[in-house]
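The listed protein sequences correspond, in order, to chains V and U.
For the first sequence, numbering that gives the first Met the number 0 gives the first residue as 0, with consecutive numbering after it.
For the second sequence, numbering that gives the first Met the number 0 gives the first residue as 0, with consecutive numbering after it.
Simulated from the structure, these hints should not be mistaken for lab results.
These numbers were taken from a predicted model, which means no experiment stands behind them.
Glycine included, C-beta positions come from ideal geometry on N, C-alpha and C.
Each hint should be verified, as a subset may be incorrect.
Claimed, not checked - If you only want the chain V side, here are some residues facing chain U, beta carbon under 8 Å, derived:
no.: 1; residue: Q127
no.: 2; residue: Y128
no.: 3; residue: P131
no.: 4; residue: L135
no.: 5; residue: S136
no.: 6; residue: L140
no.: 7; residue: Q142
no.: 8; residue: G159
no.: 9; residue: E185
no.: 10; residue: I231
no.: 11; residue: A232
no.: 12; residue: L234
no.: 13; residue: E284
This is what each chain is made of:
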Amino acid sequence: MKKIIAIPTIILLGALVTMFPRSNHICELDCDDPSPKNNLKTPVTSKDKAHLESEKTTTSLKTTGVTSEKLKKVPLDGNWCDAKKDLTPSDFDLVEKANEDWQVYLGKAFTKRGNAVHLGDEHHDNNQYVAPYQELSPRELEQLAYSGDKWAMITFVQSGSFKQRDKMKQIANKLLISGALYHSIEFLTINELAAAKSNARLEKIDKSNHHMINAITYVMLGLQHYTDSGLIAYLGNITRNEIYQDILDPQRIINENRQEFLDNFQNLIGDINKAREEQSIQFEEPNLFVKKLFEERLAIIQYGRDKHIKGLLELALPASSLLTQTTCKRLIMKELAETK
Amino acid sequence: MKKSNLLKLISSLLLLTLANQLLAAQYEDDDEPIDETIEVIGNKLEDELLPGGGFFYGGSSSPPRSGGSNTQNEKDTEKDTEKEFKENVEVAHSTCRAYTSANYASALKSQCLSGGQFTIGSNGLISGSVTLDAYNQCKDLQEAYRDNGYDSCAVVKAVRIKAC
Chain V
0 MKKIIAIPTI ILLGALVTMF PRSNHICELD CDDPSPKNNL KTPVTSKDKA HLESEKTTTS
60 LKTTGVTSEK LKKVPLDGNW CDAKKDLTPS DFDLVEKANE DWQVYLGKAF TKRGNAVHLG
120 DEHHDNNQYV APYQELSPRE LEQLAYSGDK WAMITFVQSG SFKQRDKMKQ IANKLLISGA
180 LYHSIEFLTI NELAAAKSNA RLEKIDKSNH HMINAITYVM LGLQHYTDSG LIAYLGNITR
240 NEIYQDILDP QRIINENRQE FLDNFQNLIG DINKAREEQS IQFEEPNLFV KKLFEERLAI
300 IQYGRDKHIK GLLELALPAS SLLTQTTCKR LIMKELAETK
Chain U
0 MKKSNLLKLI SSLLLLTLAN QLLAAQYEDD DEPIDETIEV IGNKLEDELL PGGGFFYGGS
60 SSPPRSGGSN TQNEKDTEKD TEKEFKENVE VAHSTCRAYT SANYASALKS QCLSGGQFTI
120 GSNGLISGSV TLDAYNQCKD LQEAYRDNGY DSCAVVKAVR IKAC
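Let the hints inform the model, and build the full structure from the sequences given.
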């Protein structure tokens, strides 16, 4: 009889233990079983959610056995370097969001060219802004671009049409003034590099030098506006074509034409500022988070290209400082080397 | 049944009732319970829907976030996911380069050899003469676009792998 009564009692006590969680806190934070899958099934009140958010990272790292030293996250206004690693997930999301908005301000929205039209939108950043304009006839697009429609202008400068080269240049110059200069800088750099090459082929060295100086001017102008499209176009071309190691060696051209370059740069900046003033346009500087993400991105772009960056650094313009090797950049480059 | 055993049974039943009431009270709190499980599963599905998804000319995409695990199986799964993610990045990169090359070839044909060079003469006839110089200039422009495209592909690949 004793046994008959003892067994249900044990079962009942067992049931009680199961029903009472060890504390009223969410299990994920301090229960014995750290498996988030199990713990997240526990109902979470909105009151708890904020606390959960701040603790989530630390707890998940604890469960994977990472030492407490590595758990430290840098505050958003602190001296963080690698956003993904150093910030909490919520801070990282905030920084990413701020950066996305900055990219839209710069007019970074990729059109789909040729075969890429069959790809999903996720393959081209912010394509949704320019996709409707790609449906227009060339004439309609041109009319809209000339009327000053920002996204029409951005679509137009990406058309890559040789026949429209001069018109694209006109629109690109307008975009420079407006501040939506991502694709404008990209096109102007590409256009000048191509012109330098064409003139070098015809042995018009002065002209080709002049176009190289223009190309570098646009790269530096882009950097001054926290835009990397010019630098990508520049490095993409000079590292892949022999002509840029020889006749069009940028290092040599910079050294031999330093004053012309500086005059060119100052004139361009002066023209842009004057036009902005006339049209009451003020270029907005990005916030600190975006600037830090830009530094991170530059580390990726510059990685393994010290030789080609050297000339740009020697120009000693304010934007050149963005290309200097910082502790952050070294860390990111080291990480890149490890993933290779 | 002995008296002491009967008392034990009654006390257990009382405790059980109390436990049920407490549990019910927990759910009837003013704050609406949030089904965190569904949210987490939702995020996971979203990540899985874009296994090879990448941005050819910009942006970044992170691999599925780890929710934290401590078992060997879960660690293995994380490693597999990371490996799969890197493989997908490689595939996206190759495709990016392939499209860049294809666009270059297409532009040479459509813009440098024909479309871009036709003019309407005074007699109203369309002439399609292409000079070598014009072809080279057009080709230089398309090459510059192509090389920019290659570098954009490489940058996107590096950004995505770094985020892994």
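Each hint tested on the structure:
no.	hint	verdict
1	Q127	violated, 13 Å
2	Y128	violated, 13 Å
3	P131	violated, 19 Å
4	L135	violated, 18 Å
5	S136	violated, 15 Å
6	L140	violated, 16 Å
7	Q142	violated, 20 Å
8	G159	holds, 6 Å
9	E185	holds, 7 Å
10	I231	holds, 5 Å
11	A232	holds, 4 Å
12	L234	holds, 6 Å
13	E284	violated, 21 Å
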